[in-house]
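Chains as they are written, first to last, in my numbering: chain A, 1 to 203; chain B, 1 to 216.
Don't take each hint at face value.
Said to hold, decoys possible - Only pairs whose alpha carbons sit at most 27 Å apart, straight line, appear in this in silico DSS-like list of lysine-lysine: (1) A:K130 x A:K33; (2) A:K70 x A:K130; (3) A:K130 x B:K122; (4) B:K128 x B:K84; (5) A:K33 x A:K105; (6) A:K159 x A:K105; (7) B:K112 x A:K84; (8) B:K128 x A:K130; (9) A:K130 x A:K84.
Since the hints were made in silico from the structure, they are not lab data.
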Amino acid sequence: MRYLLPYSLVLFGVLTAYGQNDKRPLISKADLKVNLIEVGPYLAIPVGDSFISESDYELGFELGSSIIWKNLLFGVGYNQFNLKNHDFTRTGYQGQTRNSAFYLKLGYQYPLSTKAALGLDYSLGQATYKSELFDSPEDFNDNAFYNNLTLRYSYDIGKLIALNAYAGYRIDFLNIDVPSELSNLYDNASYFNAGLSLSLFVD
Amino acid sequence: MKIFQLIAALVLMSPNSCEVEEPFDAADGRRSFVSGRIVDQQGNGIEDTGVQIRSYDDLLSITLTDSNGNFETAIIEPINGIRKLTASTYQADLTLTNFDIEYNFEDPESVKLFDIGTIALKQRAVVKVTIENSAAVSIINRVSYSSATCHYHYVNDILVHDECYRVVEETQYSNFNRTYQVPIDTSFTVTIIQNGVETDYDYFINTENYEISITI
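Based on the provided sequences and hints, a complete structural model is requested.
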């Protein structure tokens, strides 16, 4: 039920954006940029107090695709990174956790010059924490509702290629059943996340 | 082919087949919690005692007690819930007894806080037993003592058994010289069996180093 409001806001935003432009062709080529693929390293550093906040983090990757219509960005993406768990009092006897997330992205791009732009993105989706038992190949999954607010700087380094640098705050609302004594560690997990990426646009 | 079928049938019919442990398959999206306190005989918390939590042979978590002897840990749950849970010392303090707490549940438990309460560890004593058989006749030595591991067994959260393991060893040496580690303030019995006649020597171990010397 708690996911209904954010999903509704995204849907509302998309429909409103389309509805405002009913006297011209819906999409003109001059207003549209298609980012076929965006890929690069992704770093998520646990912050706050949660069941994985004592875990070591590794560099991951992020990839995505988006369209930029006028100043609005709509996209989908995926990111992944690993956490190494040592404090079993928080996690139980689990070793490595692979954190992966699929998400939808909505953003606003503010042009700074003909080549550079500053953007603010909000992403929401599903995160999966796939954890291995410490001494065993067995694994199990925990799921979470993924939210990420990102500030992005993009710079066109060619006609069809752009370099992006971004940083943001991510919060995963965890869907894990625990006794009330553990709820402070298992309600959500927060991260400061940052990355660099290359975007390839379609002409 | 019939031989294999016969072997399979014998395996399935064997008494142990009813006690086959369920393979560990971790549950998605669930955790339980285990907490407790480890103290010495004076009630003082013992720091840095390693505690391991298992379900059957599967390790669910390892933790250490804090400066007050308290410990708490999240545990990964088996997919079918928790039917058996054991908490025991992980890195034994060689001056204190170990503990071994076992919980059994008729109905599997899930998403639960298991509070194992306060466990008092006893001081260990070293008992040196020497039996000198000067008569050079055939004797059997039987030694009966409490081991340095104490067991607490709960069924559905009710304590049904609370005892340090009692060990009985029987040997047949002319001369005997051996060292035992036992909880302090426990009984220790040496039985000499000579020509079918049993003679008991009973001791109460009340010091850290206790020597027993018997000459036949």
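Results for each hint:
no.: 1; hint: A:K130 x A:K33; in the structure: violated (35 Å)
no.: 2; hint: A:K70 x A:K130; in the structure: violated (38 Å)
no.: 3; hint: A:K130 x B:K122; in the structure: violated (42 Å)
no.: 4; hint: B:K128 x B:K84; in the structure: violated (37 Å)
no.: 5; hint: A:K33 x A:K105; in the structure: holds (15 Å)
no.: 6; hint: A:K159 x A:K105; in the structure: holds (24 Å)
no.: 7; hint: B:K112 x A:K84; in the structure: holds (26 Å)
no.: 8; hint: B:K128 x A:K130; in the structure: violated (53 Å)
no.: 9; hint: A:K130 x A:K84; in the structure: holds (12 Å)
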